[in-house]
Amino acid sequence: MQAIPIDERGRFAGYASVFGRLDDAGDLVMPGAFGRSLAKRGAEKLRMLFQHDPKEPVGTWDVAREDGFGLWVEGRLVPGVPRADALRRLIERRAIDGLSIGFRTERATREARSGHRRLWAIDLWEISIVTFPMLAEARIAPGQGAPAERSLRAAISLLKQ
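Under my numbering, the first residue of the sequence shown is numbered -18, with each subsequent residue one higher.
Treat the hints loosely; a few may be bogus.
Simulated restraints, written as ranges between beta carbons of each label pair [to be verified]: (1) A(-16) - A89: 33 to 43 angstroms; (2) R70 - R94: 38 to 48 angstroms; (3) V44 - A117: 21 to 31 angstroms; (4) A20 - E73: 28 to 38 angstroms; (5) A93 - P60: 42 to 52 angstroms; (6) G13 - R70: 33 to 43 angstroms; (7) P60 - T90: 41 to 51 angstroms; (8) A89 - E(-11): 36 to 46 angstroms; (9) R46 - R85: 16 to 26 angstroms; (10) A20 - T41: 11 to 21 angstroms; (11) D66 - G7: 27 to 37 angstroms; (12) R22 - E92: 24 to 34 angstroms; (13) R85 - E(-11): 28 to 38 angstroms.
These are computed hints drawn from the structure, not numbers from a lab. Don't be surprised by glycine CBs; every beta carbon is placed ideally from N, CA and C.
Can you make the complete structure from the sequences, with help from the hints?
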């Protein structure tokens, strides 16, 4: 049986962005793009929203770090907030699992031939739980911690094939 993606305290984890993957807007986030922003802001100053709506804060981020694969995040929903309580139940039942970044582009290049943008530096200010992520691989992991990270990476690798 697959692990539940959220625990009883509302904690969950996943990749908010994956490097070198084309999103629905035609952008590719490059390794290192979040480095300066994370050093300046840290996970604790990033907002966790629902559907990028600033009127819908639902939790806090405890970990936001780049690894060789993408932007790994770990957070928790705030109990007693009606939207957060509903999200906990939806995530638990795998009815919603998308993640999406809210950012300002600091440095990018555009490929002349394809028109795709390569994002080299991003000012990250929020990460949302969403129904439909712009990057298909930006998902809440099936379980907690390092095994979840490996499991999500394996699933994404299968998608790339």
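Check: Should the hint that A93 and P60 are 42 to 52 angstroms apart at their CB atoms be regarded as holding?
Finding: Holds, since A93 and P60 (Cβ atoms, about 50 angstroms apart) stay within the stated range.
With respect to the beta-carbon atoms only, verify the hint that V44 and A117 lie 21 to 31 angstroms apart. Once the Cβ atoms are compared, 23 angstroms apart, the range 21 to 31 angstroms for A117 and V44 holds.
Is 41 to 51 angstroms a correct range for the gap between the Cβ atoms of P60 and T90?
-> holds (43 angstroms)
Outcome for the supplied range 36 to 46 angstroms, where the beta carbon pair is A89 and E(-11): Holds, since A89 and E(-11) (Cβ atoms, about 41 angstroms apart) stay within the stated range.
Given the range 28 to 38 angstroms, decide if the beta-carbon distance of A20 to E73 lies inside it. holds (33 angstroms)
Distance restraint hint 28 to 38 angstroms, applied to the beta-carbon atoms of R85 and E(-11) = Hint holds: Cβ distance 36 angstroms, inside 28 to 38 angstroms.
The hint says 38 to 48 angstroms between R70 and R94; measuring C-beta to C-beta, is that right?
holds (46 angstroms)
Beta-carbon spacing of R22 to E92 - inside the hinted bounds 24 to 34 angstroms or not = With Cβ atoms ~29 angstroms apart, the hint holds.
- Task: Mind checking the hinted window 11 to 21 angstroms against the Cβ distance between A20 and T41?
- Result: For T41 against A20, whose Cβ atoms are near 19 angstroms apart, the range 11 to 21 angstroms holds.
- Query: Taking the beta carbons of A(-16) and A89, is their distance inside 33 to 43 angstroms?
  - Reply: With Cβ atoms ~37 angstroms apart, the hint holds.
Does the beta carbon distance between R46 and R85 stay inside 16 to 26 angstroms, or does it fall outside? Taking Cβ atoms as reference, R46 and R85 lie about 20 angstroms apart, which means the hint holds.
CB-CB spacing for G7 and D66 relative to the 27 to 37 angstroms hint = holds (36 angstroms)
Of the numbered hints listed earlier, not one is contradicted by the structure.
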